[in-house]
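Q: My request is simple: use the sequences and hints to build the entire structure.
If you read the sequences in order, they're chains B and W. Residues 5 to 201 (this note's numbering) make up the first sequence, in order. Residues 5 to 201 (this note's numbering) make up the second sequence, in order.
Only true hints are included.
Because identical chains cannot be distinguished in the list, a pair is counted as satisfied if it fits within a single copy or across any two copies.
Listed below are the simulated BS3-like cross-link pairs for lysine-lysine, each with C-alpha atoms no more than 30 Å apart in a straight line:
1. 133 - 100
2. 61 - 45
3. 183 - 100
4. 80 - 200
5. 183 - 200
6. 61 - 100
7. 200 - 133
8. 100 - 80
9. 53 - 133
Hints are computed from structural coordinates only; laboratory data are not their basis.
There are 2 protein chains.
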Amino acid sequence: MIQKGDITRQLILEHATALASQVGLEGLSFGRLAEDLDLSKSGLFAHFKSLQGLQMKVLEHAAERFTETVIRPALKAPRGEPRLRAIFDRWRRWPKESRMAGGCFFVAAATELDDRPGPARDLLVSQQKDWLETLAGVVRSAIAEGHFHRRVDPEQFVYELYGLMLAYHYSVRLLNDPKADRRAETAFESLMQRAKA
Amino acid sequence: MIQKGDITRQLILEHATALASQVGLEGLSFGRLAEDLDLSKSGLFAHFKSLQGLQMKVLEHAAERFTETVIRPALKAPRGEPRLRAIFDRWRRWPKESRMAGGCFFVAAATELDDRPGPARDLLVSQQKDWLETLAGVVRSAIAEGHFHRRVDPEQFVYELYGLMLAYHYSVRLLNDPKADRRAETAFESLMQRAKA
DNA sequence: CTTTTTTTAGCACGATCGTTCTATTTTTCC
DNA sequence: GGAAAAATAGAACGATCGTGCTAAAAAAAG
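A: Structural data, given as structure tokens:
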């Protein structure tokens with residue numbers, strides 16, 4: 005049975021995730037959220053039983069959005085190189101697509117939580133490892149399909165791909181570099197070229 | 005004339021910078037600093053006239069430390085490729101070298117300030133652009149020395165180098181990946197190889 | 001030494017934080 | 001419809017925040 009509370013919770017999480025992409029997970033506050041959403045602070049609090057509870061739900065919500073915005077659609081592309089290209093395109097556009105005011109939610113969370121032990125950090129780490137493993141799997145497919153030669157190290161490939169995306173985020177958001185898109189594409193093509201059979 | 009205040013200020017900044025690498029620039033608070041350093045909150049406050057003032061000084065302090073720990077020593081290496089390698093080595097070790105408990109201070113600051121307009125962000129952007137320009141200059145020297153071929157795009161090179169460092173930071177701090185060092189070295193050598201004349 | 005300047009401490013302010021408790025309203029079930 | 005359950009609001013708590021004001025202590029200057 006779908007309850008009213010579930011809808012409200014979803015609405016809160018939608019806003020909280022976008023807000024967290026700006027101010028960080030620790031920057032979230034019930035007072036601010038309540039004001040933005042025209043709810044009482046205590047009413048909002050009752051939905052998640054603590055700030056940590058809210059932060060965990062926000063992490064889960066963001067991961068779901070990422071899956072349905074980036075991963076799932078890209079899986080429709082043919083295995084191997086085309087799928088990898090689809091992922092790259094959608095990944096790069098995902099902060100805009102998901103209307104994250106503060107850029108990629110996970111980039112913010114990663115630098116914020118990397119030195120704060122606790123369940124939130126643990127959850128993020130496990131999510132990120134899943135994502136890296138998914139990426140490595142796509143690279144392995146590209147090798148199996150004969151698109152990439154067999155000497156390609158999938159983990160190394162993913163490491164460099166991730167670096168490229170981080171540099172892109174940094175260039176766009178902090179430096180406002182208009183050439184950021186071209187830079188990312190060039191780096192991606194270079195990475196692909198080196199892996200080609 | 006050197007005053008007592010300057011020494012105290014330096015001591016505060018030393019601690020504040022390390023703390024900010026963990027909790028971020030916005031995570032700094034006079035109360036916390038005062039407790040850590042056994043000073044009164046108001047006495048500490050008097051040294052910087054506002055939280056923004058403290059944050060600006062912390063940014064400046066971190067930049068000075070970076071210059072003397074990474075840039076200056078690396079400039080002793082011969083122009084071109086050797087100097088680039090010296091920078092890479094020192095850059096990678098600098099969070100440990102400078103005893104930043106929370107990893108590279110600037111990585112944290114970059115993701116934190118990228119969507120908060122103000123003087124702190126402006127200062128950080130100008131610092132980062134300086135650093136990128138320095139790096140591009142070293143790459144240009146490598147071309148001039150004949151170490152790199154003339155088709156190398158210095159800005160593109162720096163973009164990929166920066167991405168590699170960001171991925172390294174991410175792998176070490178969030179994922180605790182023991183292979184992070186090897187991954188960074190491999191990516192760096194690949195970047196060098198592609199640029200070689 | 002004394003005087004002046006600088007540095008530090010103490011205290012209070014309004015604001016906001018996470019959280020708890022209780023009451024009221026709204027939704028759900030029969 | 002009414003009864004039970006769920007969702008929301010209101011007020012208050014102790015804590016911490018940045019900041020200002022005032023006084024005492026320490027350092028620098030003569």
